[in-house]
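Participant: For the protein sequence lines, the chains are H and C, in the order given.
For the first sequence, numbering that gives the first Met the number 0 begins at 0 and goes up steadily by one.
For the second sequence, numbering that gives the first Met the number 0 begins at 0 and goes up steadily by one.
Where hints are given, some of them may not hold.
If chains are identical, the list can't say which one is meant, so a pair holds when it fits in one copy or spans any two.
[Said to hold, decoys possible] For lysine to any residue, the following SDA-like pairs were computed, each having C-alpha atoms within a straight-line distance of at most 25 Å:
#, residue 1, residue 2
1, Lys35, Ala179
2, Lys246, Ser32
3, Lys35, Tyr163
4, Lys11, Leu96
5, Lys105, Asp93
For the record, the hints were derived by calculation from the structure and aren't laboratory data.
2 protein chains.
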Amino acid sequence: MMSVEEMKTLLKSRGRDVEAYLAGCLDGRAIPSRLKESMLYSLQAGGKRLRPVLCLSCAALCGLEPHKALPFASAIEMIHTYSLIHDDLPAMDDDDLRRGKPSNHKAFDEATAILAGDGLLTDAFVIMCRAPLAADVLLRAVAELALAAGASGMVGGQEWDMIYTGRSQVSLEELRGMHAMKTGALLRASCVCGGLLAGAEEVALRALGDFGSALGVAFQIADDILDVVADTATLGKPAGSDAEQGKNTYPSLVGLEKSRELARAQADAARAALADFAGQEAEFLRALADYTVTRAA
Amino acid sequence: MMSVEEMKTLLKSRGRDVEAYLAGCLDGRAIPSRLKESMLYSLQAGGKRLRPVLCLSCAALCGLEPHKALPFASAIEMIHTYSLIHDDLPAMDDDDLRRGKPSNHKAFDEATAILAGDGLLTDAFVIMCRAPLAADVLLRAVAELALAAGASGMVGGQEWDMIYTGRSQVSLEELRGMHAMKTGALLRASCVCGGLLAGAEEVALRALGDFGSALGVAFQIADDILDVVADTATLGKPAGSDAEQGKNTYPSLVGLEKSRELARAQADAARAALADFAGQEAEFLRALADYTVTRAA
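Starting from the given sequences, assemble the full structure and let the hints guide the process.
Facilitator: Put into structure tokens, the structure is as follows:
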């Protein structure tokens, strides 16, 4: 077993690799300076870099040297970052703060924020194509990621979120379906793409997909719980702000205790999905699944 | 030489192929119905389908059967359509009408319009990857298109447009640079990608790039001229609305006559770029370049 400290050390170290790559990912490109600043502002706003670390680690689990997956993994973080910028827009969640700093449209302006999001999303595909891997492997991973990030995945989940926000009757099934698209699809694809880049077999890809899906649900429930129980300093936004925005969350639907149970069950399912894998990378991913829910326990 | 009528017939016929493909491009996908409706609303709003037709025709010029380039070409139209939806948003040009119909955020709502754009952009990459072509060829075309559509291309051009709008002093060079990114990059890439999909040699790719770049400038100047001289019925929006929005245009900078001269020179440059190509496809592309400016003559 890997200790929480060892897990955190590897998480941080891989996160730093991603941040180093992201810092230079727009170098040498003729981008209007205000737009470039705006893109980098959000790219460099911190966060655990969970999605790219999952991609790197699943690639390593399947035998690829992580640095070969670094451009692709970093591109996933660009896509995640664009989604945060657009979600914060006045027409969406209208959030003034993101990770304790002014959200992109507050720090710049609304037009620039929309374009920074569009640019990060589009340029993510430029970066993805750069990975030093066989074209057929890379193309399949690009298609997988685009599908997860698109209208039947992350973007569709945000549309459901908009539709459900403020509605008083949302079932647990609807909430789960919305999160499976909004958060789950990209987390799942981050894992699957790691395997794809490493040329993993179908059976391994399915295991990685199951791991990512379960981790995604666990992660979302934990996030909902943290919004209720954590303080503003931890969240970077006022605690309870989801509820204030009329968001339906796991705690608001089933209460805190039941939410914790659901999160725990999903983390266990994530661990179980990797039962056939051994070694340090598998231990890391299992420890990461545990950590996802213990931080909200 | 190909007559204007023959050219228009082929343009229409290829445009219809693209529209037929686009009508089914979201089939079988679990997309929230309101979002899907919104995406299809703008995808099916008409237009000449110039970019995908250029892609199909440049592919055909270099020896590929056009139907093999159809998914990729249609994906380019998805990207063009997303850019129109986002450009019309209140924070951008704030246009209530697009091609004589309510713009997307007027027909639906602002959040859905932002997401419809995000969805079309992302899913364009899903569609692109579907083309029945060799992975290395396809991957290079995907990278080329993403670069043209991203922050150093189309998205960057829109940022410049926002910065320049309302500014009284914009030079012809700045205007040209803005359009080269905002309109030119995607038109150019549509041509180059057609060649790439067909496996064309570097010298042919350069010729296609020069053709697309010159055509892009000609097209933009003609569009500016039409905004001044055409009537509302033709434009689908009030004539002179660019000027009202404080947009800098070729006519506002150098006058109508000089604008027509510049457009003509660019159409001639586009024709010249294809000097080494013969046959029906080359004739079609040359006739198309002419038509781009004669419609505004």
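Participant: Each hint needs a verdict: does it hold in this structure or not?
Facilitator: Results of checking the hints against the structure:
1. Lys35 x Ala179: between (31 Å within a copy, 18 Å between copies)
2. Lys246 x Ser32: between (36 Å within a copy, 21 Å between copies)
3. Lys35 x Tyr163: This pair counts as between: shortest inter-copy Cα distance 17 Å, intra-copy 34 Å.
4. Lys11 x Leu96: within (24 Å within a copy, 49 Å between copies)
5. Lys105 x Asp93: both (10 Å within a copy, 19 Å between copies)
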